[in-house]
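Engineer: Sequences listed follow chains B and U, in order.
Adding 83 to a residue's 1-based position in the first sequence gives its number in my numbering.
Adding 4 to a residue's 1-based position in the second sequence gives its number in my numbering.
Take these hints with a grain of salt, some might be off.
Below, simulated DSSO-like cross-link-like pairs (lysine-lysine); rule was C-alpha separation at most 27 Å, straight line [stated by the list, open to error]:
| # | chain 1 | residue 1 | chain 2 | residue 2 |
| --- | --- | --- | --- | --- |
| 1 | U | Lys278 | U | Lys307 |
| 2 | U | Lys100 | B | Lys350 |
| 3 | U | Lys307 | B | Lys347 |
| 4 | B | Lys213 | B | Lys115 |
| 5 | B | Lys115 | B | Lys143 |
| 6 | B | Lys230 | B | Lys115 |
Bear in mind the hints are in silico, worked out from the structure with no lab data behind them.
Each chain, letter by letter, is given below.
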Amino acid sequence: MLVDYLGRLERHRHDRRAVHVHISLLHPNNRKDHHMRIAVGAFDNLIKMLNAQLFCLTSKDMIVVYRAQVQADMEAAIVKIKYLFADDDLLMDENTAGSFCDWYSLDREFDQLMTLAQRLSQEEEARQRKQRIQDARVGIGPAPKGKPFTPELLARTENALSQADIANLMRRQPICAVVDNGPPQPIFHEIFISISDLRETLMPSVNMASSPWLFQQLTETLDRRVLSLLNRHDDRTLEGDISINLNVATLLSEEFLIFDDNIKTSKRGTIVLELQKVDIFADLSSYLFARDFAHERGYRICIDGLSYSMLSFVDRERLGADLIKLVWDNNLSVETQSRPESLRRAGVTRIILCRCDTESSIDFGRSLGISLYQGRHIDATFQDIRRRGTAARARGKRK
Amino acid sequence: MTFCMEIQPERQLPETVLVETAERVGRIRDGRVVVQIHLSRLQPQNRDDGHVRIAARLFETMVDAYHGQMFVLSNADIVLLCKDARIADLDAVVYKLRALFSKDPLTFSGDTEDDRFASYFDLESEYDDFLELCKRMNAEAKERVKSDRAKPKINDLDAVSLGRVIERIAQTDIASVVRRQPCVYINDRRIAEVVFQEFYMSIADLQKALAPDVNILANRWLFQHLSQALDVSVMTALRKADFKVPPVAFSLNLNMTSVETPQFRDFVGAARGKSGVYVEFQLPDILNNMDQFFRIRDELRGKQISTVLDGLTSLMLQFVDAELYDTDFVKVNWSNDMITDIQTAELQQALGPVGFDRVILARCDNEKAISWGLDRGIRLYQGRFLDSMVAAVTMAKCPNAAPCTFAQCTQRHAVISGRPRAECGNNEKLDEFPPLHAIG
Numbered sequence: 084m085l086v087d088y089l090g091r092l093e094r095h096r097h098d099r100r101a102v103h104v105h106i107s108l109l110h111p112n113n114r115k116d117h118h119m120r121i122a123v124g125a126f127d128n129l130i131k132m133l134n135a136q137l138f139c140l141t142s143k144d145m146i147v148v149y150r151a152q153v154q155a156d157m158e159a160a161i162v163k164i165k166y167l168f169a170d171d172d173l174l175m176d177e178n179t180a181g182s183f184c185d186w187y188s189l190d191r192e193f194d195q196l197m198t199l200a201q202r203l204s205q206e207e208e209a210r211q212r213k214q215r216i217q218d219a220r221v222g223i224g225p226a227p228k229g230k231p232f233t234p235e236l237l238a239r240t241e242n243a244l245s246q247a248d249i250a251n252l253m254r255r256q257p258i259c260a261v262v263d264n265g266p267p268q269p270i271f272h273e274i275f276i277s278i279s280d281l282r283e284t285l286m287p288s289v290n291m292a293s294s295p296w297l298f299q300q301l302t303e304t305l306d307r308r309v310l311s312l313l314n315r316h317d318d319r320t321l322e323g324d325i326s327i328n329l330n331v332a333t334l335l336s337e338e339f340l341i342f343d344d345n346i347k348t349s350k351r352g353t354i355v356l357e358l359q360k361v362d363i364f365a366d367l368s369s370y371l372f373a374r375d376f377a378h379e380r381g382y383r384i385c386i387d388g389l390s391y392s393m394l395s396f397v398d399r400e401r402l403g404a405d406l407i408k409l410v411w412d413n414n415l416s417v418e419t420q421s422r423p424e425s426l427r428r429a430g431v432t433r434i435i436l437c438r439c440d441t442e443s444s445i446d447f448g449r450s451l452g453i454s455l456y457q458g459r460h461i462d463a464t465f466q467d468i469r470r471r472g473t474a475a476r477a478r479g480k481r482k
Numbered sequence: 005m006t007f008c009m010e011i012q013p014e015r016q017l018p019e020t021v022l023v024e025t026a027e028r029v030g031r032i033r034d035g036r037v038v039v040q041i042h043l044s045r046l047q048p049q050n051r052d053d054g055h056v057r058i059a060a061r062l063f064e065t066m067v068d069a070y071h072g073q074m075f076v077l078s079n080a081d082i083v084l085l086c087k088d089a090r091i092a093d094l095d096a097v098v099y100k101l102r103a104l105f106s107k108d109p110l111t112f113s114g115d116t117e118d119d120r121f122a123s124y125f126d127l128e129s130e131y132d133d134f135l136e137l138c139k140r141m142n143a144e145a146k147e148r149v150k151s152d153r154a155k156p157k158i159n160d161l162d163a164v165s166l167g168r169v170i171e172r173i174a175q176t177d178i179a180s181v182v183r184r185q186p187c188v189y190i191n192d193r194r195i196a197e198v199v200f201q202e203f204y205m206s207i208a209d210l211q212k213a214l215a216p217d218v219n220i221l222a223n224r225w226l227f228q229h230l231s232q233a234l235d236v237s238v239m240t241a242l243r244k245a246d247f248k249v250p251p252v253a254f255s256l257n258l259n260m261t262s263v264e265t266p267q268f269r270d271f272v273g274a275a276r277g278k279s280g281v282y283v284e285f286q287l288p289d290i291l292n293n294m295d296q297f298f299r300i301r302d303e304l305r306g307k308q309i310s311t312v313l314d315g316l317t318s319l320m321l322q323f324v325d326a327e328l329y330d331t332d333f334v335k336v337n338w339s340n341d342m343i344t345d346i347q348t349a350e351l352q353q354a355l356g357p358v359g360f361d362r363v364i365l366a367r368c369d370n371e372k373a374i375s376w377g378l379d380r381g382i383r384l385y386q387g388r389f390l391d392s393m394v395a396a397v398t399m400a401k402c403p404n405a406a407p408c409t410f411a412q413c414t415q416r417h418a419v420i421s422g423r424p425r426a427e428c429g430n431n432e433k434l435d436e437f438p439p440l441h442a443i444g
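I would like the entire structure built from these sequences, with the hints used as guidance.
Structural biologist: Structure representation (structure tokens):
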């Protein structure tokens, strides 16, 4: 994630800095949960105003990437953290105290930080891959718990979103074609705001599923903000073929017309608009209107987030959508019987299997003849290949 | 290209700019034609800002070739003035817009003489008529602006006001906005008996009572969240209602989550032995969590509570296989265009797998709806036509009917509390809902 984030910041590096706080160098007794909570809390305000982005590594190290203009606040936060750990041998000894933090200016030291991030990422991926396989075997999923999602929290979140620069929270994830045993080939990238990151940043321990309608409203607000961001920035996010999440109402809004204006006619055919099933059926005639308009302009429509059992309830062909996203979960195992009618109707070539977190999701997809995939396992495989390619090229250069 | 969308008080109305343009063009009428797209005549839900914006955009890109001037009027009509364009060419372009709005009855009904979607003017011969029309539209637009300014400002429901509105529920007399409407079963002898009374809220009255300064319908998702809180209040209000004759059955429109509240359990418990219970679910709510829906449906069935898939229209049935949800009943809203051969055939196909005996035909405003339904084998009906019959039959049998008007009786049937009910001289008769004879 840090790698991805840094990659996106490449064009903004002149006003960005970073600090790597080596909590892992402290004595184990000083790295307990409550210590970590307080340490993280030191950056709270900066994060909430979206002036800083915090990455907590499993080693307990923290990397904070922040805007240069909040340098003073960052230094103050580090002072607070050092004070918290003042008793630790590392900080008590003048000779070692300096190694607690490494400061980077992205302007000058971008590559160093990127290399570090990639190394950390590799290590983390290997660990996570093992963990995910274990979890899938045991059937562990996230347990819904936490504080209720209230209108007040929604209001606060919408306010934060309207005031701050949300570029920090934007993500890109590739949708790849995987054919036979070949490597994943990216076809297009989904651009989205990570809702779990948003939750972690602005309202941790809130269970958003407790209020599905407020959640819908939040996604609608997010969609508008993403669109508005894409309309303002001429950045890497618009490069290549992309998909974006939209509510029907957003598709009919002024903001979308601006987006439409900015896209060259030739490019529209490569852009996918992802709509949610609840939104579609909440106002079917508006959906049909919006769909016809989108098709007239050359966009493709994808119905997002369908579970396997829902395929028979939401008919892609009748609804006139071009693609659907089928959500994988570990209860789905390899199909040995012939393809069910619902899958045939949807059209196997028009299905993107998403949330592919493990190898078995690919096996499942393959058994059905699906060729488009999206998910963390794909990301990892893809990163792997890229890295090997980079390393091979580097070796080639050295010869 | 002139393109006026929003009306700002400081700027001129697009209608005014159109009049000025029309006057200028008076001296150079040769080869000029005008097309007016009457979006203002579409049904309100088909012509909100988003729809008009899109239509204008499509029209604009398509007529760039005619070097014309386009106006989006304050009533949503689009007017295009152009030179040396053949009406046939313009018609082809208008056809695309017609197709976009094809779901609205305005676009394809009637013949070309009677086309209410688009009008054409050849300025060489019809200039005077056109100029007069522009002046008239300008005057009407100015009137609208004046009366809009006089209206009190209402803000749209947002996350901030939602919290406040929810808090206000406790201090609001929710019972006063609850309404009821009977659903009847018409048997072979054409006698209609009430099988349940559906209880719902009058949104207009709710708005006035709960949040007169907030447009609670402005935001679909937030309103849905609000409805979860309101579900609970309605159930509480119904338990406290003083029905002289308990309903044969209650039918409630509920969010799925509301079925798992203690208030629902209490409501069902209180009704047991006296009245049946039906629960009506909306499709978007179901689609939000289908596993939950199936579980709830089965649990309700286990308690002899019937489920209804609500809110289907002939349009939705083209995209939804209602039988897959396997609810006890499926409620379809009647609209007059269902009587056409095409729609009848489509609905026959769509509802066949459900079983017409499980269909409730709602919004039956006239007798046509009932006779159409009976021809299909539908037995269950709701709507204003039946409400009128209930009032008529009640008054015919009521010893205290002399001072009442038919309209009053109809209105009093529909409420569960308050003055209209108090003014009724015979609440027993009011709550009776007797069988109706010779229907259809």
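Engineer: Each of the hints needs a verdict: does it hold here or not?
Structural biologist: Evaluation of the provided hints:
1. Lys278/U with Lys307/U: holds (15 Å)
2. Lys100/U with Lys350/B: Holds, at about 23 Å.
3. Lys307/U with Lys347/B: Since the Cα atoms of Lys307/U and Lys347/B sit roughly 59 Å apart, the hinted pair is violated (cutoff 27 Å).
4. Lys213/B with Lys115/B: Holds. Lys213/B to Lys115/B sits at ~24 Å (cutoff 27 Å).
5. Lys115/B with Lys143/B: holds (9 Å)
6. Lys230/B with Lys115/B: Holds, at roughly 24 Å.
Against the hints set out earlier in the document, a violation occurs for number 3 only.
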